[in-house]
Structure formats: C-alpha cells, structure tokens
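Enquirer: Please work from the sequences and hints to get the whole structure.
Read off the chains here:
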Amino acid sequence: MKRVGKQTIIFENKPKIIANSAIVGPKEFAGPLKDFFDYRIIDDKWNEDSFEKAERKMLEFAICTAIRRSKKKLKNIDMLIAGDLLNQIITSSYAARKIDTMYLGIYNACSTFTEALAIGSVLIDGEYLNNVACATGSHFSTAERQYRYPLELGNQRTPASQRTVTGAGCSILSLEGEGPKITMATMGKVIDYGIKDANNMGAAMAPAAMNTLLAHFEDTSTSPKDYDLILTGDLGNLGSELLKIIMNNHGVDISKNHNDCGKLIYSDIQRTVQGGSGSGCSASVFNSYIIKKLNSGEYNKILFAATGALLSTVSTQQGDSIPAIAHALVIER
Amino acid sequence: MINAASKEVKEKYDKLVNEMTPKSPHLKNIIMAFIFGGLVCVLGQAIYDTSSTLFPNLSSTELGSVQSIVLIFITALLTGLGIFDKIGNIAGAGTMIPITGFANAVSSTAIEFKKEGIIFGLSSKMYFVAGPVIVNGITASVIVGIIYYLIDLIF
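Chains as they are written, first to last, in the numbering used here: chain A, 1 to 333; chain B, 1001 to 1155.
Some hints could be false.
[Stated by the list, open to error] Straight-line distance between alpha carbons at most 25 Å, and here's what the computed PhoX-like set of lysine-lysine pairs gives:
#1 A/K14 - A/K301
#2 A/K71 - A/K181
#3 B/K1015 - A/K244
#4 A/K225 - A/K256
#5 A/K244 - B/K1010
#6 A/K45 - B/K1114
#7 A/K181 - A/K292
#8 A/K73 - A/K292
#9 A/K14 - A/K225
#10 A/K196 - B/K1023
#11 A/K196 - B/K1012
#12 B/K1125 - A/K45
#13 A/K293 - A/K14
#14 B/K1012 - A/K244
#15 A/K189 - B/K1010
#16 A/K6 - A/K189
#17 A/K27 - A/K53
#18 A/K189 - A/K301
#19 A/K196 - B/K1015
#20 B/K1010 - A/K196
#21 A/K293 - A/K71
#22 B/K1115 - A/K45
#23 B/K1023 - A/K244
#24 A/K181 - A/K301
#25 B/K1007 - A/K196
[Stated by the list, open to error] A short list of chain A residues far from chain B (calculated; beta carbon distances all over 10 Å):
#26 V4
#27 F36
#28 I42
#29 I89
#30 R97
#31 T101
#32 Y103
#33 K181
#34 E218
#35 S221
#36 T222
#37 P224
#38 K256
#39 N257
#40 L264
Worth flagging that the hints you see were computed from the coordinates, not collected in a lab. Idealized CB from N, CA, C, for every residue including glycine.
Expert: Pasting the structure below:
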C-alpha cells in the first residue's frame, strides 16, 4: 500500500519536477517577485482581441516554454493536465488544442495547480506515463467579468477582497532528469464553515487549508518544524492570519514558516487589498520564486497546499455558503 | 454526512472572521461621497448656467435635459478612456448615485460585452448592472404615485 493514514499517498519513485515556466501580467511583474519572473506580458490583451484569448495565449506560452526547457520533444510529453477559472475551463481546453498529446482538464478553482501536480505524480509514480505537463492560469480581466462587474465600473472594492492574478505556470514531471522531487500528496476534502461573502475568499478557504494540513501532519506523523516552508495557495493576508489562528486552536503552530502565494505576489502599496488569488497565483509563484529557491538550496523540503473556493456566481446569488478545498504536496530537494 | 462543520464551530469561526475582517472605512467613504457628489452637482449647475446664457430660448426643463446629456457624455467619455473607474474607486457613492453612476454602469457594460457581438453581447448585456436600478426605480415611483394619489383623495 502506497498510502499512509486516510488522505496521504506516498510516491515511492519520487517524480521530479524537471522544468518550469511562469508568465505574469504587468501588475504582478511590478510586485516584489519581479526578479523571479522570467516572462511577462506588457499589456493585458497581449495583441489578442479579447482578454480570454490573452489568457489562453499565456497558458500556451507557459506550457510550450516549460516543454522547451525540459529538453524533451513534444512527442515525448505524454499528457497535459490543466485547469483554469473560466466557465467550462475554456482556457485550458483551447490551449490543449495546440498541444498534440493526451489531455485531462480539471477544476478545483485556485487549488487546481496542486491537484494537477498530484494527479501527474500518481500517473508517473505508477509508471503509466513518462512525462506529464501540469499547467494552470488565470487572468484578472476575464475573472472580473465572469465573477464580478465590468472593468470600467466605478465601484469600490470591499476591504476583504483579493485580486485575481494575471499569470500562468507550468511544471513538467518526469522520472528522468534533475529537479525537486514530489514525495507525498495529501488530497483534501470539501470543507464548508458557512462563509457566504464571496468577497472574503480567504476566510472561506482557511478552514479547508487547516483540514488538509492537519490531516497531513497526522497521517505522516510530522509537524510544521519538519518543513522549511509551509506554502498555501491564495489565502491572502486575512486568510493567512485566520489560518494561523485556527491552526493554533488545534495546537499546531505554523506561524514561523508559513507563507502564502497571494501574500507574496503583490506588495502592500499595490492596493490589491488582501493580496492575490486565482489559479494562476499559485502556479506563477511556485514555478518561479519557489522553484528557484528550491533549486538554490534555500528550501530543502516544503509543504505546498494550494486552496480553492468552489463557488460560482449562481451559488452566490442563491445565497449558498462557499465550500472550499486544499490539496497539499511535499516537495523535497 | 457532508463535510460541513457543526453549528458551534461555524458560529465560533464566523465570530472570528467578523473580528478579523477589516471594516469598510465608512466615515472616509461618507466624506468622500459628500465631496464628490457635491462636485458633480456643482458641475451640473455650471453646465445649466452656461447653457442658459448660450441658449437663452431654452426653457428650464430643456436646460435640465441639456445638463443631464452633458453629464452623461462626460461620464461615458471618461469611462471609455479608463479614468472613471479610478475616480469611482475614491468617490464611491459620490459618483455612483448621481446620473454619472447610471451612465457609467451602462457604458462600462457596453464596452465589456462588445466582444460577444452587437446583438447578444452589447445590446443584451448593456443593462445588466443598470437594469435593476430601472426596474426598482420605476416600481418605487409607481408605489409612491399610488400613495400620493390616495392621500390626495382622502384629504
């Protein structure tokens, strides 16, 4: 049995992340992680005639760049696992149209990236496939129009809101090659603590992050001090504070080595209120900043749990609360 | 069984979230709304006075229409240039409640959905933000009208 506890699976063959790429929008590039992003788009439309097409182009670019960097030929990439935030995940599926390989389209909102890595790792660890590309992306302008209001509407943002990251990231998993290894995955359950404010996603997702992290520590008999970094996806400033408090209530202190992609990507002066969110948030931060720190040896072992709020505009308008999920991975150098 | 937390856990968490979530700066918003709302009214009055000197033949009702049209034009122009949302972010209700807010709601939506086509995009989605204002505005005015009529009948 390659499983410990209830929710954690162990990868005996240790799939490696052999190549990465990330691309971000202008606002993200102006943030604190500027030096870690290799590519950016200069304007939000990237010479396309709609924001949706620009988002698709970013995802295609991230996938193609990662494949090129892996030094594998496209015909050797066995599968693409991708997801995004748009209805019917059109960004991923339309991007996959250009990549001549098997395709799994997945959706777990902003936690899609760790879900993709977990599925990819299972397929590689089981030796079903040799090379798998895992990619997700999101775009501020497409998410705004789908979930909220027109871009030019002169309304005020609420103080708990987060900004959807314009960005995409891709990791190539393989058994052959060099790179950080994925050693374990803890899949999350859908958790709902009854938060109904769609402008406060950090609060909705923090209990899901807690549930997955607690399950992981219990299953593997580890504690937060066994990791150099506990990285959550896009809880933002408020969600991260809430997570620390509710973890503390369960007797687990993560305040020393916790960080959050949504917190990292923007600076306080960028007026993004609580930080970044979106499936491109964890994907772009992980595939640039985090992976570079893993490769340089600053981090040796991290626990990466991206979080997702599984709501839609319909459920919000019907007054439903927001269910959330988090999937965690252990990544070792 | 669903993975929903028990009622006590939910209530406790809800309380924590309410404590932690920063509140909207109401006082600041109110002051800003007062200043910007006042500025919009001053601008409207300036347009009214200017046009009354430029076109002395117009009646006061017609001058009112001229004033509305000019304000709508300015808002639509600023919306198209991508400036109005930045003003609105500071002004809040100050630019949202006057006719500028309505003009912005319609023009921003029209720009946003142009890509989905003139008929099914722009035309059908144009009132998706402003529509509720019209529906409830008309309903409210009908109700007020009936009450006014009844009061008039009794006294």
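Enquirer: If a hint holds in the structure, say so; if it does not, say that too.
Expert: Results of checking the hints against the structure:
For the proposed pair A/K14 and A/K301, the alpha carbon gap of about 13 Å is at most 25 Å, so the pair holds. Distance restraint check for A/K71 and A/K181: the Cα-Cα separation of roughly 18 Å lies within the 25 Å cut-off, and the hinted pair is therefore satisfied. Restraint check for B/K1015 and A/K244: the C-alpha separation of about 16 Å stays at or below 25 Å, so the hint holds. The hinted pair formed by A/K225 and A/K256 meets the criterion: a straight-line CA distance of about 9 Å does not exceed 25 Å.
Taking the CA atoms of A/K244 and B/K1010, the gap is about 17 Å. The hint holds against a cut of 25 Å. For the proposed pair A/K45 and B/K1114, the alpha carbon gap of about 15 Å is at most 25 Å, so the pair holds. Annotation: proposed proximity of A/K181 to A/K292 holds, straight-line Cα distance about 14 Å (limit 25 Å). Only pairs whose Cα atoms come within 25 Å are accepted, and A/K73 paired with A/K292 is accepted, the gap being roughly 24 Å.
Annotation: proposed proximity of A/K14 to A/K225 holds, straight-line Cα distance about 22 Å (limit 25 Å). Restraint check for A/K196 and B/K1023: the C-alpha separation of about 16 Å stays at or below 25 Å, so the hint holds. For the given pair, A/K196 sits about 15 Å from B/K1012 by alpha-carbon distance, which is consistent with the 25 Å threshold. Taken as a hint, the B/K1125 and A/K45 pair is honoured in the structure, with Cα atoms around 22 Å apart against an allowance of 25 Å.
Of the pairs offered as hints, the one joining A/K293 and A/K14 holds, with about 19 Å between alpha carbons and a cut-off of 25 Å not exceeded. Under the criterion of a C-alpha separation no larger than 25 Å, the hint pairing B/K1012 with A/K244 is consistent with the structure, at around 15 Å. Distance hint between A/K189 and B/K1010 is fulfilled; the C-alpha atoms sit about 17 Å from each other, no more than 25 Å. Of the supplied pair hints, the one linking A/K6 and A/K189 holds, its CA atoms being roughly 11 Å apart against a limit of 25 Å.
Between A/K27 and A/K53, the direct Cα distance comes to roughly 19 Å. Compliance with the 25 Å bound is thereby established for this hinted pair. Simply put, A/K189 and A/K301 have alpha-carbon atoms about 24 Å apart, close enough for the 25 Å limit, and the pair holds. Proximity of A/K196 to B/K1015 is assessed by CA-CA distance (about 13 Å); at most 25 Å being required, the pair is judged to hold. Note on B/K1010 and A/K196: the hinted pairing holds, with a Cα-Cα distance of about 12 Å set against a maximum of 25 Å.
Our distance criterion of 25 Å between C-alpha atoms is met by A/K293 and A/K71, whose separation comes to about 22 Å. Under the criterion of a C-alpha separation no larger than 25 Å, the hint pairing B/K1115 with A/K45 is consistent with the structure, at around 13 Å. In summary, the hint linking B/K1023 to A/K244 is supported, as the alpha carbons are separated by about 21 Å, within the 25 Å threshold. For the hint pairing A/K181 with A/K301, the CA-to-CA distance comes to about 9 Å; that is within 25 Å, so the pair holds.
Distance check on the hinted pair: B/K1007 and A/K196 sit about 15 Å apart at the alpha-carbon level, within 25 Å; holds. Non-interface status of A/V4 relative to chain B is upheld: no Cβ of that chain comes within 10 Å, the nearest being about 21 Å off. For A/F36, the requirement that its beta carbon stay farther than 10 Å from each beta carbon of chain B is met, with the minimum near 29 Å. The Cβ of A/I42 lies farther than 10 Å from every Cβ of chain B, with a closest approach of about 16 Å, so its non-interface assignment holds.
The Cβ of A/I89 lies farther than 10 Å from every Cβ of chain B, with a closest approach of about 19 Å, so its non-interface assignment holds. Here A/R97 stays apart from chain B, with its beta-carbon at least about 20 Å from theirs, past the 10 Å limit. Every Cβ of chain B is farther than 10 Å from the Cβ of A/T101; the closest lies at roughly 30 Å, confirming the non-interface assignment. The beta carbon of A/Y103 is kept farther than 10 Å from every beta carbon of chain B, the shortest such distance being approximately 26 Å.
In this structure A/K181 is separated from chain B by more than 10 Å, as the shortest Cβ-Cβ distance comes to about 31 Å. The non-interface label for A/E218 is consistent with chain B: the shortest C-beta to C-beta separation is roughly 16 Å, beyond 10 Å. Every C-beta of chain B lies more than 10 Å from that of A/S221, the closest at about 24 Å, which supports listing it as non-interface. Every Cβ of chain B is farther than 10 Å from the Cβ of A/T222; the closest lies at roughly 23 Å, confirming the non-interface assignment.
The claim that A/P224 is not at the interface with chain B holds, since no C-beta of that chain comes within 10 Å of its own (minimum 21 Å). Against the 10 Å criterion, A/K256 stays outside the reach of chain B, whose nearest CB is about 20 Å from its own CB. Every beta carbon of chain B lies more than 10 Å from that of A/N257, the smallest distance being close to 21 Å; the non-interface claim holds. For A/L264, the non-interface assignment is confirmed: its Cβ lies about 20 Å from the closest Cβ of chain B, beyond the 10 Å cut-off.
Every hint, counting from the list given before, is met by this structure.
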